[in-house]
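These are the residues of each chain, in order.
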Amino acid sequence: MRTYLLEIKYELVKALRMPQYTLPTLLFPVLFYVFFAVVFGSGRQAGGVKMAEYLVATYGTFGVMGAALFGFGVGVAIERGQGWLEAKRTTPMPIQAYFVAKMAMAMVFSTIIVLLLFAVGMYCGGVSLTLPMAAQMLGILVAGSVTFCALGLALGFIVGPNSAAPIVNLVYLPMAVLSGLWVPIQALPRGLQDFALWLPPYHLSQLALGVIGASRGESPALHAGALVVGALLFSTLAYAGFRRDEGKMYG
Amino acid sequence: MLWGMSNIPAQFTGVRKNYGTVEALRGLDLTIRPGELLSLLGANGAGKTTAVRALLGLIKPGSGRVEVFGGDPRDARSRTRLGAMLQVARVPETLRVREHIHLFSSYYPDPLPMPEVIAAAGLVGLERRKFGELSGGQQKRVLFALAICGNPDLMILDEPTVGLDVEARRALWKQIRAFVAGGRSVLLTTHYLAEAEALADRVAVIHRGVVVKEGSPRDIKGDSATLEDAFIDLLEAS
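Chains as they are written, first to last, in this note's numbering: chain A, 12 to 262; chain B, 322 to 559.
Simulated from the structure, these hints should not be mistaken for laboratory data.
Hints should not be assumed to be uniformly reliable.
The following residues of chain A were derived to be distant from chain B, with all beta-carbon distances above 10 Å [what the hints assert, rightly or not]:
| id | residue |
| --- | --- |
| 1 | Val24 |
| 2 | Val41 |
| 3 | Gly54 |
| 4 | Thr102 |
| 5 | Pro103 |
| 6 | Ala115 |
| 7 | Phe129 |
| 8 | Leu140 |
| 9 | Leu142 |
| 10 | Ala145 |
| 11 | Gln147 |
| 12 | Pro185 |
| 13 | Leu203 |
| 14 | Leu210 |
| 15 | Glu229 |
| 16 | Leu248 |
Below 27 Å or equal to it, Euclidean Cα-Cα: the simulated DSSO-like pairs (lysine-lysine) are [claimed, not checked]:
| id | chain 1 | residue 1 | chain 2 | residue 2 |
| --- | --- | --- | --- | --- |
| 17 | B | Lys495 | B | Lys542 |
| 18 | A | Lys99 | B | Lys542 |
| 19 | B | Lys451 | A | Lys99 |
| 20 | B | Lys542 | A | Lys20 |
| 21 | B | Lys495 | B | Lys451 |
| 22 | A | Lys20 | A | Lys99 |
| 23 | A | Lys99 | B | Lys495 |
| 24 | A | Lys99 | A | Lys25 |
| 25 | B | Lys534 | B | Lys381 |
| 26 | B | Lys451 | A | Lys25 |
A virtual CB, placed ideally from N, CA and C, is assigned to each residue, including glycine.
Let the sequences and hints guide you as you build the complete structure.
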């Protein structure tokens, strides 16, 4: 238990001492939100609610996804590539502690991002969420980060340390746009709207939108199921990558 | 002694490992005895690092057995008695020396007290420095500290002094000698013959994945003028 807490503590310390990596992850979703919701979205509606309210849910999903893919995926890829993960594996440390700490970090980041979006939305976008609604949306988004941590982990084990950041971007940005996180899903062509059903961020954003009654009305069980299946699939891929490392030599 | 445990720190029995078509280990037999510093000496690509990785349970041998104190190297129980200093490209640079040691100590049931670790690794006065602010020699000493902080019975040092200047190398030698003087065992891989001669109780020369000669540095040297001559003769003969 103490090991787990210390791993989390030092992950936090590392993040705080590297603001050049930490701040962009925290601030990008908020800046995008300001741009699309506050500057261009004012007076407009989406999904039957104010654009600024709709986009809190989708940029919340966007931020959660970024924290998981970068903090977790790129972090693992780099430490694995540098031999640091291996150095830790020679100790009796339970390997789960390493992953749990990184996941806890992604969740802390996700919480901060969503709270920042709430604050900006309320003060600049006229968003009015009741406290229970805000708490529910935050809970859904942070819980949903598990699926993206698993995706990040799978990428972290499949790609090399140097290509990790560009490859994660290649997955992150198109997936976000195609899931209707930047502009509402209804604004995408019909074919892309159907394709979004295959993308995990779409399902998380629809669950979050459900809190404010702005989802497309598909069953929440479908969305939750898709996120669980995604998490299992990505974890299996990550595990395969982890096992492959055991049989291979780097450097 | 627990059942199934052995006081032999480490034993390789007929260990083979291929990477694709490359045979890294071709039936390695090697024993590390209690209280000795065994130096595994070989050229680059001889199989030293693969042997170390098999001993640490980081790779699975294709065939043969590797045991650490009679157990599977991947068991937490075996790892508790091991400390390793690997060739790590980069260590998280924003953590301080004592923070790194604090975290690694928490992995072990019976770690050494922090001041002892700091003293044994020659890091007095550097506790609050961030890893990224240290010199190359100081960084190696932090890795050494992480290897000994769990109070291991067997320490694995994989080319610990590569890239260090003479002074830093000798400082680390001193710390390694102090560790062995406490009755513990060390496996040290190196391609510096002087290092093997200065530190080892026993030398095993590895070439193309098998041990070609084993003995005290004096035995290995035989009639040759230096260990280096003996080493080159050996490689040419095998």
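Against the structure, the hints come out as follows:
no.: 1; hint: Val24; result: violated, 7 Å
no.: 2; hint: Val41; result: holds, 25 Å
no.: 3; hint: Gly54; result: holds, 45 Å
no.: 4; hint: Thr102; result: violated, 4 Å
no.: 5; hint: Pro103; result: violated, 4 Å
no.: 6; hint: Ala115; result: holds, 15 Å
no.: 7; hint: Phe129; result: holds, 30 Å
no.: 8; hint: Leu140; result: holds, 36 Å
no.: 9; hint: Leu142; result: holds, 37 Å
no.: 10; hint: Ala145; result: holds, 34 Å
no.: 11; hint: Gln147; result: holds, 36 Å
no.: 12; hint: Pro185; result: holds, 31 Å
no.: 13; hint: Leu203; result: holds, 41 Å
no.: 14; hint: Leu210; result: holds, 33 Å
no.: 15; hint: Glu229; result: holds, 43 Å
no.: 16; hint: Leu248; result: holds, 20 Å
no.: 17; hint: B:Lys495 / B:Lys542; result: holds, 23 Å
no.: 18; hint: A:Lys99 / B:Lys542; result: violated, 37 Å
no.: 19; hint: B:Lys451 / A:Lys99; result: holds, 19 Å
no.: 20; hint: B:Lys542 / A:Lys20; result: violated, 52 Å
no.: 21; hint: B:Lys495 / B:Lys451; result: holds, 24 Å
no.: 22; hint: A:Lys20 / A:Lys99; result: holds, 16 Å
no.: 23; hint: A:Lys99 / B:Lys495; result: holds, 25 Å
no.: 24; hint: A:Lys99 / A:Lys25; result: holds, 16 Å
no.: 25; hint: B:Lys534 / B:Lys381; result: holds, 25 Å
no.: 26; hint: B:Lys451 / A:Lys25; result: holds, 11 Å
Hints 1, 4, 5, 18, 20 from the earlier list are contradicted by this structure; the remaining hints agree with it.
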